[in-house]
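2 protein chains.
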Amino acid sequence: MRRWNGWGDETFNLAMPEQGHDFLASKIGTGRPLTNATLESVCATVPETRLTPGPELDALIDTSPEARVRHARGQSLADWLAMRSGDYGVFPDAVAYPSSNQDVRKLLAWAAEQKINLIPYGGGTSVAGHINPVDNGTPVLTVDLGKMNRLMDLDTDSQIATFGAGTPGPLVESQLRAHGFTLGHFPQSFELSTIGGWVASRSSGQQSLRYGRIEQLFAGGRIETLQGTLTLPTFPASSAGPDIREMVLGSEGRIGLITEVKVRITRLPEHESFHVVFFPDWETARTASRKLVQNRTQLSMLRLSNAMETETQLALAGHPRLIGMLERYLSLRGAGTGKCMMTFGVTGSHRQCRNALLEARSICKAHKGVYTGTRLGDKWAAKRFSMPYLREALWQMGYAVDTLETATDWDNVDNLSGLIETSLREGLKDKQENTHVFTHLSHFYSQGCSIYTTYVFRVGDSYDETLARWQRLKTSTSELIVNNRGTISHQHGVGKDHAPYLPVEKGELGMLAIRSLCNTFDPDAILNPKTLVE
Amino acid sequence: MRRWNGWGDETFNLAMPEQGHDFLASKIGTGRPLTNATLESVCATVPETRLTPGPELDALIDTSPEARVRHARGQSLADWLAMRSGDYGVFPDAVAYPSSNQDVRKLLAWAAEQKINLIPYGGGTSVAGHINPVDNGTPVLTVDLGKMNRLMDLDTDSQIATFGAGTPGPLVESQLRAHGFTLGHFPQSFELSTIGGWVASRSSGQQSLRYGRIEQLFAGGRIETLQGTLTLPTFPASSAGPDIREMVLGSEGRIGLITEVKVRITRLPEHESFHVVFFPDWETARTASRKLVQNRTQLSMLRLSNAMETETQLALAGHPRLIGMLERYLSLRGAGTGKCMMTFGVTGSHRQCRNALLEARSICKAHKGVYTGTRLGDKWAAKRFSMPYLREALWQMGYAVDTLETATDWDNVDNLSGLIETSLREGLKDKQENTHVFTHLSHFYSQGCSIYTTYVFRVGDSYDETLARWQRLKTSTSELIVNNRGTISHQHGVGKDHAPYLPVEKGELGMLAIRSLCNTFDPDAILNPKTLVE
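These protein sequences, in sequence, are chains X and V.
So the working numbering is basically just the index in the first sequence, starting at one, shifted up by 9.
So the working numbering is basically just the index in the second sequence, starting at one, shifted up by 9.
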């Protein structure tokens with residue numbers, strides 16, 4: 010069953026190898042775990058619901074404390090601390106489980122009539138507070154779209170598939186694979202996040218280099234709004250005015266509930282493999298990455314770890330003897346201390362993969378890259394969705410872990426990633442606490458790339474102190490990002506946590522346009538308040 | 010000098026080979042040309058201007074009849090007939106030539122104060138009535154951005170170039186080529202159309218398969234609006250809410266005047282070549298095209314002519330002896346009557362081109378394609394921007410020519426292109442007139458493609474009769490397109506001519522969103538009235 014207070018399936022635990030433990034202790038000291046609240050104790054704190062659905066809606070709606078607890082929070086570190094402490098603050102008044110567009114329309118009508126805030130809920134994997142109810146005096150109904158999870162239509166000629174918006178990653182892929190297709194959208198949250206959530210929050214997957222971001226995959230669909238049904242027909246491309254799809258993408262529940270998503274799919278590839286190259290230093294590694302993408306080499310994924318992430322990953326990999334041999338070999342070939350690990354994937358026809366691999370190896374070699382084959386790449390592929398489980402293992406050891414991500418143009422990548430790392434590394438210094446910080450670049454464009462920084466710090470003596478540590482790091486670094494040409498999010502959306510920083514990025518007139526869009530569809534501000542726009 | 014009443018440079022004329030003449034006469038009869046108005050006679054019909062700029066604006070503004078004539082119309086067939094008959098109907102009251110953002114802001118302030126309609130003017134190449142003034146009782150100022158035509162900034166690391174919005178295609182490319190870069194945006198209007206116009210109307214170029222549509226190339230920029238300056242910062246990608254860039258793309262002058270455009274550029278390729286393959290019939294040719302694009306073969310352009318376009322192109326090519334030899338060869342190889350011509354381009358590194366060519370030839374061969382090398386491809390490349398000049402040659406012979414274009418999903422391509430061709434071919438039957446109709450597919454996506462249909466008919470005994478013939482064909486076929494899953498435009502925008510059909514495509518709520526966007530930036534409806542939204 011799904012873990013009620015953390016990530017993923019509760020029967021699955023990722024073990025932390027002993028060297029990992031030692032490594033972290035050497036960096037930031039030994040952690041002292043805090044005590045976790047129990048589901049029962051949290052359920053006991055859930056207040057009486059303010060909603061009485063009445064006979065027509067009763068079958069759709071669950072007002073039980075457990076359902077309300079399970080839909081109150083996402084996966085941000087603040088959410089995690091709330092779930093672990095039991096100090097939730099606000100719960101939705103009820104959870105609805107619609108099975109059809111008609112059900113959703115009924116819920117919208119009820120919300121409009123009774124002035125109820127509606128929060129659309131896909132996989133509940135937001136790390137930016139998208140699905141958290143706010144305490145504004147209005148009753149809250151969370152709408153879980155999990156029952157709308159079917160492949161509804163498949164056009165194999167046009168390669169378009171229609172899904173219920175609540176379909177999670179594994180069900181998207183398994184239903185497509187049965188017909189020989191893939192969507193190719195693999196965010197780290199793949200196991201739980203849904204196709205509707207991807208659209209609502211402008212998600213990007215690990216293989217976006219081949220398949221594109223959700224913006225490129227989203228072909229059309231259906232959105233139930235308070236003004237009626239918004240239908241987005243599919244066209245391969247159009248110059249007929251502003252693109253309504255692009256107003257739905259990233260709308261985060263503010264203009265309506267996405268119920269059906271049409272996506273562009275691809276035949277399953279003949280071949281796919283993942284390869285690892287080590288570079289002697291950051292400069293050569295970053296330059297090689299930029300050259301690879303600006304050269305339009307047909308890669309399907311690319312990830313570049315900085316020296317500290319490379320060191321951390323090798324330390325946490327287990328198999329110290331094998332890793333030791335690898336490091337001695339790399340050192341002989343020029344990639345010693347300060348080395349950076351690049352992982353890249355090739356996907357497609359045999360010919361395409363063969364040539365992409367040759368081209369990639371040749372560019373890497375020109376920048377002193379040492380190619381090590383597919384062994385570490387296979388490991389990356391095997392563990393690509395399991396990283397969120399690591400949070401649980403670290404938590405048990407008394408460590409809190411979170412990530413910050415942005416994207417910026419190439420000329421600013423070093424500057425911005427340096428600022429972010431320093432801000433996080435120094436952020437708790439006056440508390441005599443160290444933060445362990447490392448970064449990778451993971452989504453590449455000719456213009457620039459995403460910067461994904463992980464930071465680990467010891468939990469405080471109390472939940473309040475731990476939350477204060479996180480807030481300080483998150484706030485100062487988020488400000489720094491938007492003030493230094495970074496987007497407040499490359500792949501996680503705005504939610505409530507990033508909303509304060511959005512105006513710097515969009516500007517006064519950009520915010521005017523977004524507010525006007527929300528207001529057009531939802532003049533009474535019923536849908537997902539405080540999300541996207543404060 | 011630029012032709013005042015047609016396309017391009019007035020010293021350049023495309024000769025129609027004799028066989029072309031005979032071919033058309035056999036299809037639709039011999040034409041009887043109409044008499045053209047002179048520039049002098051048209052200037053004499055221009056009414057007194059309703060605008061008095063005053064000393065501060067005087068230097069920016071030209072109220073001369075000739076300037077007003079030269080900015081009154083675009084390049085639609087209706088525009089063409091107006092220019093040839095001299096029956097313009099409406100002229101702008103003046104033409105402004107700003108050199109800076111500050112100039113543009115002054116013009117906006119004046120327009121707001123005096124309630125003057127502003128029309129942004131790039132290259133004046135619209136084929137959908139974007140820049141035509143309307144007769145609504147309000148004075149009209151056309152703002153020609155032609156002086157803002159410089160490369161303002163070049164970031165070679167991030168591969169982003171900043172241009173003044175009025176920079177035309179050749180000046181975009183020449184300024185970039187001097188630094189070893191290309192934008193790669195080559196619409197047929199390349200010679201005259203501008204980078205700001207491409208953004209405003211969501212243009213697509215002939216090599217969009219490699220470089221993307223203008224949506225993918227447009228990285229940010231500056232738009233002067235009545236509410237202030239809208240600055241779009243550059244990010245490689247972002248999930249931070251709805252994308253304001255996508256509201257500017259296709260805004261057609263309704264939310265402001267685009268003054269600076271930042272675009273994603275590419276290093277000049279090592280190699281580029283264009284190749285031609287003939288297929289025995291439409292079915293094999295269309296299937297091969299779909300396979301090529303769904304296979305992600307790295308082509309830079311792809312164009313597929315149907316049997317009638319293939320026949321017409323070969324007839325109009327001149328060199329009847331060479332063409333005869335080619336046709337006999339093709340016939341022996343199985344591509345006789347009904348054959349369809351595919352042109353494709355490969356662009357990039359030598360390795361990429363070699364492999365793309367191998368892959369393309371292999372897919373074509375599997376669908377009975379007969380590869381003929383680069384000779385006809387070179388011809389296509391040499392003439393790629395000269396086709397609009399053909400209109401002049403045909404006009405002199407008494408023929409009117411126009412095109413209609415759309416895009417639709419693969420499962421609907423044959424249905425919709427058949428409907429369009431029949432509608433045009435039969436449209437003047439009750440007048441005992443034939444229309445010569447042929448089609449190519451020219452922009453390819455995994456999901457579908459564009460359909461580009463050319464139609465030629467004899468001019469009537471009068472301009473009024475000729476306009477009536479065109480209106481009948483345009484209206485009935487446009488209705489048919491939007492009612493049969495086609496977009497009203499894949500690459501030419503909405504303007505005034507397509508505005509009546511937009512609501513079918515966008516739906517009631519889509520139109521609500523677009524209207525609300527226009528209204529947010531321009532509550533008094535001062536900018537480019539009747540364009541995009543009626």
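It is possible that some hints are incorrect.
Same chains, same label: a pair holds when it works inside one copy or across any pair of copies.
[As the list claims (entries may be wrong)] Distance condition first, Cα-Cα at most 16 Å in a straight line; then the derived EDC-like pairs of lysine to aspartate or glutamate:
id : residue 1 : residue 2
1  : 300       : 164
2  : 440       : 162
3  : 438       : 318
4  : 440       : 281
5  : 392       : 488
6  : 300       : 166
Please keep in mind that the hints were generated in silico from the structure rather than gathered at the bench.
Results of checking the hints against the structure:
1. 300 to 164: between (37 Å within a copy, 15 Å between copies)
2. 440 to 162: Cα proximity of residue 440 and residue 162: none, with 56 Å in one copy and 45 Å across.
3. 438 to 318: So residue 438 and residue 318 fail the 16 Å test inside a copy (21 Å) and across (73 Å) alike.
4. 440 to 281: For residue 440 and residue 281, the Cα distance exceeds 16 Å both inside one copy (47 Å) and across copies (60 Å).
5. 392 to 488: neither (32 Å within a copy, 53 Å between copies)
6. 300 to 166: between (35 Å within a copy, 10 Å between copies)
When each numbered hint is compared with the structure, violations occur for hints 2, 3, 4 and 5.
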